[in-house]
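Taken in sequence, the protein lines are chains A and B.
Heads up, the numbering used here is the position in the first sequence plus 985, with the first residue counted as 1.
Heads up, the numbering used here is the position in the second sequence plus 985, with the first residue counted as 1.
Think of the hints as simulated: they come from the structure by calculation, not from any bench.
Errors might be hidden in some of the hints.
Repeated chains share a single entry, so a pair holds when one copy, or any two copies, can fit it.
What the hints assert, rightly or not - List of simulated lysine-lysine pairs, BS3-like, C-alpha gap at most 30 Å:
no. : residue 1 : residue 2
1   : Lys1223   : Lys1202
2   : Lys1038   : Lys1266
3   : Lys1166   : Lys1223
4   : Lys1040   : Lys1166
5   : Lys1223   : Lys1266
6   : Lys1266   : Lys1202
7   : Lys1038   : Lys1114
8   : Lys1166   : Lys1267
9   : Lys1166   : Lys1266
10  : Lys1047   : Lys1267
11  : Lys1002   : Lys1267
12  : Lys1038   : Lys1197
13  : Lys1202   : Lys1114
14  : Lys1197   : Lys1223
2 protein chains.
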Amino acid sequence: MTDRMSIGIDLGGTTIKMAIVDRNGNIVDKWGIPTDTSNNGRNISQNIADSIKEKVENRGWKQNDIDGIGIGAPGFINMENGFIYHAVNVGWENYPLKDDLESKTGLKVVVENDANIAALGEMWKGAGKQASDLICITLGTGIGGGIISNGTILHGANGMAGEIGHITSIVEDGAPCNCGKTGCLETIASATGISRIATEGLEENPASMLHKKLNEKGNVSAEDVFTCAAEGDEWANKVIEIITHHLGLAIANMANVINPSRIVIGGGVSRAGDQLMDPLKKVFGQFALPRVQEGSDFAIASLGNDAGVIGSARLLFLKRND
Amino acid sequence: MTDRMSIGIDLGGTTIKMAIVDRNGNIVDKWGIPTDTSNNGRNISQNIADSIKEKVENRGWKQNDIDGIGIGAPGFINMENGFIYHAVNVGWENYPLKDDLESKTGLKVVVENDANIAALGEMWKGAGKQASDLICITLGTGIGGGIISNGTILHGANGMAGEIGHITSIVEDGAPCNCGKTGCLETIASATGISRIATEGLEENPASMLHKKLNEKGNVSAEDVFTCAAEGDEWANKVIEIITHHLGLAIANMANVINPSRIVIGGGVSRAGDQLMDPLKKVFGQFALPRVQEGSDFAIASLGNDAGVIGSARLLFLKRND
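Using the sequences provided together with the hints, build the complete structure.
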């Protein structure tokens, strides 16, 4: 084998996404295995090791044809030594992921926060276009954030950097957030937040088409909001106005501090495309400093579910090049 | 001379502060010369060169006993090549500061934004206590901000990173800011902002002691607000509550994104000490994520006017060590 390969892993609470990635960031193979959260997640490393061994052997490669493993993991992580303090979804508590995975695979392992690997992937091969100052925001069930500054991931003092979802958007009487605070951006501009706001306003908007969605399915999704808005529904359009106001303001405030050249929006909500991006850019322009605005572009994430595994693999090359 | 020395320069619109700084960050000598803004500031480099030459010769040193010059300059700067696009206070427009100063002094020159050198100085020798993730906020006539992440200054895509003063605090009908926006933090928590808020509320607070200050001097200063608050004045205390609310919220939101280990508050307003810091920490605690809060300490800047020259000198050592 002439090209060196790396394994990129994006570890979620349900599925472990895995890929073989070459040094140019191309996915050579990708697959997934279920996340075994039994036994406090202590089978996971062995499952990963077995799966890699099988893939590598099937290709007729040797273990040492692989440069190593980059893995994005959830929870609170010591990035220096790959130690997981706490990862609720997976069951880990004070677990030396890096050491365990290295001993089970015989490969070098680099661990990173899962919120950051998508940013790294998008920077390397996606909408980030190799921008060395990048903010990546994932609008999904929650809101994830990753910041790349001067080409490196911002970790902060204890690995918490990039928590844009927990910027306070509503100062008084905001909705409760999973983090324990109230009024966080995540309670507004995540898929869950959009659904909540849309549903809560239905009583005051009896003519809204969203009532029909609620009656049909028992709930109103973020997707419903964008669909009905496109058909001219007044309340659905108002919901988009509300959420892009808070999201645009938070991004502008963050951009005044980070001064990114590129702002990448990903996650399920970003599938709304221009319906989301057009009002968002308008609000951003209102609250970002003129020079900050001049220096930055918006883009929708382009790698979809592959961002994590590509970013994880990149992580390994980065560390090696340091 | 056994110890290598550097020149640290903090260039302001009125005075050029200069110091000889050793490799441990100790000031060996410091002095100032007036900023000659005539001729579009084109005499400044020669004035600096002459002043350094005189100091060095008086000490019996040779020019090459000096490692070089670190200089913090105002305006929009290309940090890579030390080119000043625009520095209103000094008169520079498209001016190659680094090249000009190097040719006039024969010394290596490193140029940095003036808002960042104070952060670097405080990190190195002051209240920053060598924290590698640091936010430094200067509450003066305006609000300056410098962010150090992973030991290096955050510049962003076009040198605008750290503009915490232009985070939008009041979304609707905020006071106009010098930047062209409205409702910026600078319109609230700078000395100017505090004075404005205190004065604007006097009509509705006829019993406030601040009326006396206004009658005596024709204005109400930020210092007056803290003095009267300490004496129990209700409106003065309310003003402190307002400004620490907005400042604490902005810092918490920024900290959720940057995750600093240390937050240093400097500038004239910081002389209020605990009167400022106690309510500020309380608001911060309300809006920062628990782990962000755990990981960070507040401190008042300790180097005063020396932060800039010390930080500038550090800049040179940093670049050389890169």
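Review point. Out of the numbered hints, which ones does the structure contradict?
Key: Numbers 2, 4, 6, 7, 10, 11, 12 and 13 - these are the hints that the structure violates, sorted from lowest upward.
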